[in-house]
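All chains, please: the whole structure from these sequences, using the hints.
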Amino acid sequence: MLKWFKLKFKIEMQSHKSPVSKYLLPLALLVCGLILMVGFTNPDKLLNRNSNATTHTVTIFKMKYHPAHLNVKKGDTVVWINKDFFPHDVTEETTQKWTSKPFNQGEKWSKVVNEDIKYFCNLHRVMKGTITIIK
Amino acid sequence: MKTKRKNALILVCLVLLGTSKLTFGQESPKLIDTEIASVAVVANQIDIDYAKIALKRSKNKEIIDFANRMIEDHKAVIQQAVALVEKLGVNPKDNAVSQSLLKQSKETLKTLKKASRKDFDKVYIDNEVAYHKAVIDAVNGLLIPEADNLELKSLLEAVVPALEVHLEHAKMVQTKI
Numbered sequence: 000m001l002k003w004f005k006l007k008f009k010i011e012m013q014s015h016k017s018p019v020s021k022y023l024l025p026l027a028l029l030v031c032g033l034i035l036m037v038g039f040t041n042p043d044k045l046l047n048r049n050s051n052a053t054t055h056t057v058t059i060f061k062m063k064y065h066p067a068h069l070n071v072k073k074g075d076t077v078v079w080i081n082k083d084f085f086p087h088d089v090t091e092e093t094t095q096k097w098t099s100k101p102f103n104q105g106e107k108w109s110k111v112v113n114e115d116i117k118y119f120c121n122l123h124r125v126m127k128g129t130i131t132i133i134k
Numbered sequence: 000m001k002t003k004r005k006n007a008l009i010l011v012c013l014v015l016l017g018t019s020k021l022t023f024g025q026e027s028p029k030l031i032d033t034e035i036a037s038v039a040v041v042a043n044q045i046d047i048d049y050a051k052i053a054l055k056r057s058k059n060k061e062i063i064d065f066a067n068r069m070i071e072d073h074k075a076v077i078q079q080a081v082a083l084v085e086k087l088g089v090n091p092k093d094n095a096v097s098q099s100l101l102k103q104s105k106e107t108l109k110t111l112k113k114a115s116r117k118d119f120d121k122v123y124i125d126n127e128v129a130y131h132k133a134v135i136d137a138v139n140g141l142l143i144p145e146a147d148n149l150e151l152k153s154l155l156e157a158v159v160p161a162l163e164v165h166l167e168h169a170k171m172v173q174t175k176i
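First to last, the protein sequences are chains R and X.
Numbering that gives the first Met the number 0 applies: residue 0 is where the first sequence begins, and numbers increase by one.
Numbering that gives the first Met the number 0 applies: residue 0 is where the second sequence begins, and numbers increase by one.
What the hints contain is simulated information worked out from the structure, not anything from laboratory work.
Remember, predicted model here, so these are calculated numbers, not experimental data.
A couple of the hints might just be wrong.
[Stated by the list, open to error] Label-pair restraints from in silico Cβ distances:
1. Thr56/R to Lys55/X: 25 to 35 Å
2. Phe60/R to Glu71/X: 11 to 21 Å
3. Val111/R to Asp136/X: 41 to 51 Å
4. Glu114/R to Asp147/X: 45 to 55 Å
5. Asn103/R to Lys117/X: 33 to 43 Å
6. Pro144/X to Trp97/R: 19 to 29 Å
7. Ile132/R to Ser99/X: 49 to 59 Å
8. Lys112/X to Lys72/R: 53 to 63 Å
9. Val125/R to Asn90/X: 29 to 39 Å
10. Pro144/X to Asn70/R: 38 to 48 Å
11. Lys107/R to Lys121/X: 32 to 42 Å
All C-beta atoms, glycine included, are put in the ideal place defined by N, C-alpha and C.
Set out below in structure tokens:
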């Protein structure tokens, strides 16, 4: 019985012609694995960005932002779409540190949100909205 | 005693007159759609005319910004109204309400032109608050209920929120003057 095993082992070993070919398959698998890992790693993660970033839409209609209050995750994008026949803008309210500048009916403007925001329409200053970052 | 009774009678008459006017007031003046379109165009043009005077006479940034906003937004409403009547193949039709609005506006234009430089901003913005209030009431109470064409009705309904935002904006400027 033991003799039979030894014989079988010998035959199997002999079926591989050289040490190189013996390691070829595991090596190829390893290389493929590495390529997969590196090649398909989400670039967002490397740049420490929110990899699940989603896009939210705020519709400007009848002189209001809908919804006027929005909860987003850090790094999400918010798109404002103007459906009124009046121009509107989206301007940071406290210090007006950024603004979309006025945009017309059917036009849109977007921003990646990384902090809580209070905004208003600098053309119609009583139109207001807020965005809150949630964990 | 006699005068008291007389006064009471006058008061009763006035109340009766007031209520009867209220009841009948809901039915008149009856406006057809082309007349409503005319009222809409005239009412918007009047506020543009007020704003143009403000641009000439005011040095206040809040007033100038507000006046520019009025010119642009009310022009947009006129464009919508004109586009609609063109689409429907009709013309805005002059009527008693449009004429009365124009007549009143002439008085206001005179007041705005005559106001001293010092008083101008206050006279202008006080009038804007009063005018927007009056126009909102007229659109809600007269023009929308009387409009038959659904597109005209929905245009008027879309204008109301803008008028309300203008009113709030005017009140905000008013507190700073």
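For each hint, the structure was consulted:
no., hint, verdict
1, Thr56/R to Lys55/X: 25 to 35 Å, "violated, 42 Å"
2, Phe60/R to Glu71/X: 11 to 21 Å, "holds, 18 Å"
3, Val111/R to Asp136/X: 41 to 51 Å, "holds, 44 Å"
4, Glu114/R to Asp147/X: 45 to 55 Å, "holds, 51 Å"
5, Asn103/R to Lys117/X: 33 to 43 Å, "holds, 38 Å"
6, Pro144/X to Trp97/R: 19 to 29 Å, "violated, 43 Å"
7, Ile132/R to Ser99/X: 49 to 59 Å, "holds, 54 Å"
8, Lys112/X to Lys72/R: 53 to 63 Å, "holds, 56 Å"
9, Val125/R to Asn90/X: 29 to 39 Å, "holds, 35 Å"
10, Pro144/X to Asn70/R: 38 to 48 Å, "holds, 40 Å"
11, Lys107/R to Lys121/X: 32 to 42 Å, "holds, 39 Å"
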